[in-house]
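Peer 1: Each chain, written out:
Number of protein chains: 2
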Amino acid sequence: MSQNASNTSVGAKTLADVFSGKKLEGKFDYKISDRMSVMQPSAVREIFKFLDNPEVISFAGGNPSEDTFPMEELAECSARLYKDHPATFLQYGITEGYAPLRELTLDRVSRKFGIVGENDSILMTTGGQQGIDLTMKVLTNEGDWVACEDPSFIGAINDIRSYRNQFLSVPLDDDGMDVDFLERELETKKIKVIYTIPTFQNPGGVTMSLERRKKLYELAVKHDFFILEDDPYHEMRCFGEEIPPIKSFDKTGHVIYCGSYSKIIAPGLRVGYLILDRALLQKFAVAKQCADVHSCLYPQMLIAEYLTHFDIDAHVDLSRKLYAERLTRMLAGLDRHMDPRVKFTRPRGGFFIWCILPEGNSGAQLCGVLAENRVACVPGSTFDPMQWRDKPAFRINYSMPSLAQIDEGTEIVGRVLREFIK
Amino acid sequence: MSQNASNTSVGAKTLADVFSGKKLEGKFDYKISDRMSVMQPSAVREIFKFLDNPEVISFAGGNPSEDTFPMEELAECSARLYKDHPATFLQYGITEGYAPLRELTLDRVSRKFGIVGENDSILMTTGGQQGIDLTMKVLTNEGDWVACEDPSFIGAINDIRSYRNQFLSVPLDDDGMDVDFLERELETKKIKVIYTIPTFQNPGGVTMSLERRKKLYELAVKHDFFILEDDPYHEMRCFGEEIPPIKSFDKTGHVIYCGSYSKIIAPGLRVGYLILDRALLQKFAVAKQCADVHSCLYPQMLIAEYLTHFDIDAHVDLSRKLYAERLTRMLAGLDRHMDPRVKFTRPRGGFFIWCILPEGNSGAQLCGVLAENRVACVPGSTFDPMQWRDKPAFRINYSMPSLAQIDEGTEIVGRVLREFIK
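First to last, the sequence lines map onto chains L and R.
Counting in my numbering, the first sequence runs from 1 upward without gaps.
Counting in my numbering, the second sequence runs from 423 upward without gaps.
Please keep in mind that the hints were generated in silico from the structure rather than gathered at the bench.
Certain hints may be false.
[As the list claims (entries may be wrong)] For lysine-lysine, the following DSS-like pairs were computed, each having C-alpha atoms within a straight-line distance of at most 27 Å: (1) R:Lys453 / L:Lys251; (2) L:Lys214 / L:Lys190; (3) L:Lys214 / R:Lys453; (4) R:Lys644 / L:Lys31; (5) L:Lys343 / L:Lys321; (6) R:Lys534 / R:Lys636; (7) L:Lys31 / R:Lys612; (8) L:Lys190 / L:Lys251; (9) R:Lys453 / L:Lys222; (10) L:Lys31 / R:Lys611; (11) L:Lys251 / L:Lys112; (12) R:Lys765 / R:Lys743; (13) R:Lys673 / R:Lys611; (14) R:Lys534 / R:Lys673; (15) L:Lys343 / L:Lys422; (16) R:Lys673 / L:Lys31; (17) L:Lys190 / R:Lys453; (18) L:Lys222 / L:Lys190; (19) L:Lys31 / R:Lys636; (20) R:Lys637 / L:Lys31; (21) L:Lys251 / L:Lys214; (22) L:Lys215 / L:Lys112; (23) R:Lys612 / R:Lys673; (24) L:Lys214 / L:Lys112; (25) R:Lys765 / R:Lys844; (26) L:Lys215 / R:Lys453; (27) R:Lys612 / R:Lys637; (28) R:Lys453 / L:Lys189; (29) R:Lys534 / R:Lys743; (30) R:Lys636 / R:Lys612; (31) L:Lys83 / R:Lys505.
Looking at chain L on its own, in the form it has when it is part of the complex (with noise of 0.2 Å):
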């Protein structure tokens, strides 16, 4: 009997070998589905693998920085639960989420956010990927074809595939999704669902005009199709003025907003939740049942207790700060070290910066060649929604890595690019 454990999921041996794009497992003689036959795993999964290396600098991730989580107050929210509820959350619960947490989540964000409309309710999930995965489990049929921006989310592009839609990838540029190339589009092809991430983008880092949001809800009305609205870094914005989320035009039900307490609490609770009309929450508690019943109860209670007992909005002002500082120094770095040759975009908050290398660059090889000088970016070919093509582009991640990092790593991608670029 064998106990091994260990995570041999792609069988990729380093971090050269993620990015190299050939099959990475062995012999594989199991029929499976025609849905998963064609997919691979997110290469931003795997490199997590190879961060456990203290020599490594990583700019890989998307993780929030643990010095933002609030350790010391959930500690305390953890131990009031054990004492008064330990029954509640150890139990089976309620499909819908816990009914406080549903309460405080729906007041908070149409206070702040006003994207809670008159027939809209909310639905709790395991975290914002479990939003998206029912979204297009209960709106799409195998062959629908579903638009997303290009670069997108690689959780979002894999799982969209997984149902077997088609694709259209709609172009990006710094004010976000071209809404006039999709409207062009719309004139021949029936489009179901479109999925975006309006504000400060991943992995583009750009934020969506109020204009162009405007725009998008018009032609969601216009040709009946769905918005949804993933949203995790709202909260995160470290410069500018705030825009409203698409979901707080839709008086007609077609948006879905997909939030999340990952980035302004902690990810590994993985509570995320959807904001949509009543009528489709009764079909979506069904694919959520389906799905896994209901999301792990304490999590819940643990983020209604501390929104009680806690002042989120300061806790994320802190968060803020802290991620404005590490971005205005990657920025710096990027100024200073960054061959002239590369673009990159300026985010004013997120997590992420999108650098574009001249045509006829490979990101992929060139993200192997970062790793092996102990930089960890992931290549443009795993934000492409067609066929992971390769692209000359990478990802850049300024959420994680300390200050001094973000020094030394800048100094490294310039040195290694200006030598790379062809």
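Given the coordinates of chain L, assemble chain R onto it according to the supplied hints.
Peer 2: Frame of chain L; chain R shown alone:
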């Protein structure tokens, strides 16, 4: 802005409504996927919403008794986690699950049940339900045949249906799934997956004989289908000798074992697992990334602490004694009060007893009348793999009610049935 987060997912006002079988939703204009448009919410989950009324005696749930939760021990484990590892469970983790819990689980089930083959590994899931969901997603295409016992677990039935599989209903008798029936059907049908709960079946309460287990595995090898062995009740044996899991015979990777900590520790923690060939794990991990990135870390670490510092086998023995007492009392109550025209199974463990009325009686109507008489049971239609056809049957749970509730409830069930049966 409405802040209403009440649980309006089916709009049922009474338990009788839940059992009426009529469509409970109001106006619904959204175009959702074909896979979800045919779905109904689980009546069992809906019933939970009515159980707040302390007057109701619930024989309806599938919950473990709160009396079995090791609350003080878990509180101690939790305090240690907050002291030693808060950043670990608050940060993102690895998709396959918390490594020490994977090792501890493999070690325990290997030692106790011999179900970990040379090529096997483990994937931690958000409850056993997610194990079912991932299996269907990874292994089946729309239209593939999936076989299951009739009656079977509503959570599995709904999930299988959500992948638009075709159902083969295999009859159940006192020795479990009728494997001879299955063998005949295999002559003309290409089955992709067999879903079975061989031990203390839900809702049947029966256990598949050793002979049938071996034959089922032989058929899987011969006809090249997968067996999804759902085994949450395995350790809830009150009487009789243990029968080894089907997975213990597996030398070929045809059996995927779905286990859970829900019944042996606590269900609200949502910690389950799949034991499967390492080659399959690669694909399951990608599906898991799409579903929820990874399961909540805190409960995984909590259970790992518990397994390390406490004697889970001794704890399980205490739970079994508690359930044995309730099972004995329930069977005695039914023996005393039940109309002789009603047949019921005599389980030796698990949580459920299956009651069969004479043909021509409606289980759904009966459960409505029982609800009006303050006893909640679940009608047989809920467990029908085909189309929620009404059946002259209902399910009784004995893990949740107290001995006094069992005495009072069986008396009511007997009285109602004497008047009800045609």
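Peer 1: Each hint needs a verdict: does it hold in this structure or not?
Peer 2: Consistency of the hints with the structure:
For the given pair, Lys453 of chain R sits about 17 Å from Lys251 of chain L by alpha-carbon distance, which is consistent with the 27 Å threshold. Between Lys214 of chain L and Lys190 of chain L, the direct Cα distance comes to roughly 20 Å. Compliance with the 27 Å bound is thereby established for this hinted pair. Simply put, Lys214 of chain L and Lys453 of chain R have alpha-carbon atoms about 23 Å apart, close enough for the 27 Å limit, and the pair holds. Annotation: proposed proximity of Lys644 of chain R to Lys31 of chain L holds, straight-line Cα distance about 15 Å (limit 27 Å).
Distance hint between Lys343 of chain L and Lys321 of chain L is fulfilled; the C-alpha atoms sit about 26 Å from each other, no more than 27 Å. Note on Lys534 of chain R and Lys636 of chain R: the hinted pairing holds, with a Cα-Cα distance of about 19 Å set against a maximum of 27 Å. Pair hint Lys31 of chain L plus Lys612 of chain R holds up; C-alpha atoms about 13 Å apart against a cutoff of 27 Å. This hinted pair checks out: Lys190 of chain L and Lys251 of chain L have alpha carbons roughly 22 Å apart, not beyond 27 Å.
For a cut-off of 27 Å, the pair hint linking Lys453 of chain R to Lys222 of chain L stands: about 15 Å separates their Cα positions. Restraint check for Lys31 of chain L and Lys611 of chain R: the C-alpha separation of about 17 Å stays at or below 27 Å, so the hint holds. Distance restraint check for Lys251 of chain L and Lys112 of chain L: the Cα-Cα separation of roughly 18 Å lies within the 27 Å cut-off, and the hinted pair is therefore satisfied. Between the alpha carbons of Lys765 of chain R and Lys743 of chain R the distance comes to roughly 26 Å, so the proposed pair stays at or under 27 Å and holds.
Of the supplied pair hints, the one linking Lys673 of chain R and Lys611 of chain R holds, its CA atoms being roughly 24 Å apart against a limit of 27 Å. In summary, the hint linking Lys534 of chain R to Lys673 of chain R is supported, as the alpha carbons are separated by about 18 Å, within the 27 Å threshold. About 15 Å separates the Cα atoms of Lys343 of chain L and Lys422 of chain L, which keeps this hinted pair within 27 Å; it holds. A distance of roughly 17 Å separates the Cα atoms of Lys673 of chain R and Lys31 of chain L; the hinted pair therefore holds under the 27 Å criterion.
With a CA separation close to 13 Å, the supplied pair Lys190 of chain L and Lys453 of chain R stays within the 27 Å bound. Restraint check for Lys222 of chain L and Lys190 of chain L: satisfied, since their Cα atoms lie roughly 12 Å apart, inside the 27 Å limit. A C-alpha spacing of about 23 Å is found between Lys31 of chain L and Lys636 of chain R, which places the hinted pair at or below 27 Å, so the restraint holds. Only pairs whose Cα atoms come within 27 Å are accepted, and Lys637 of chain R paired with Lys31 of chain L is accepted, the gap being roughly 22 Å.
At most 27 Å may separate the alpha-carbon atoms for a hinted pair to count; Lys251 of chain L and Lys214 of chain L meet this at roughly 12 Å. Of the supplied pair hints, the one linking Lys215 of chain L and Lys112 of chain L holds, its CA atoms being roughly 22 Å apart against a limit of 27 Å. Between Lys612 of chain R and Lys673 of chain R the alpha-carbon distance is near 22 Å, which keeps this suggested pair within the 27 Å criterion. Taking the CA atoms of Lys214 of chain L and Lys112 of chain L, the gap is about 19 Å. The hint holds against a cut of 27 Å.
Between Lys765 of chain R and Lys844 of chain R the CA atoms are separated by roughly 15 Å; this keeps the pair inside 27 Å, and the hint holds. The straight-line distance between the Cα atoms of Lys215 of chain L and Lys453 of chain R is roughly 22 Å, inside the 27 Å bound, and the hint therefore holds. At roughly 17 Å between alpha-carbon atoms, Lys612 of chain R and Lys637 of chain R fall within 27 Å of each other, so this suggested pair holds. Note on Lys453 of chain R and Lys189 of chain L: the hinted pairing holds, with a Cα-Cα distance of about 17 Å set against a maximum of 27 Å.
Distance check on the hinted pair: Lys534 of chain R and Lys743 of chain R sit about 19 Å apart at the alpha-carbon level, within 27 Å; holds. For the suggested pair Lys636 of chain R and Lys612 of chain R, the alpha carbons sit about 20 Å apart, so the restraint of at most 27 Å is met. Proximity of Lys83 of chain L to Lys505 of chain R is assessed by CA-CA distance (about 17 Å); at most 27 Å being required, the pair is judged to hold.
Against the hints set out earlier in the document, no violation occurs for any number.
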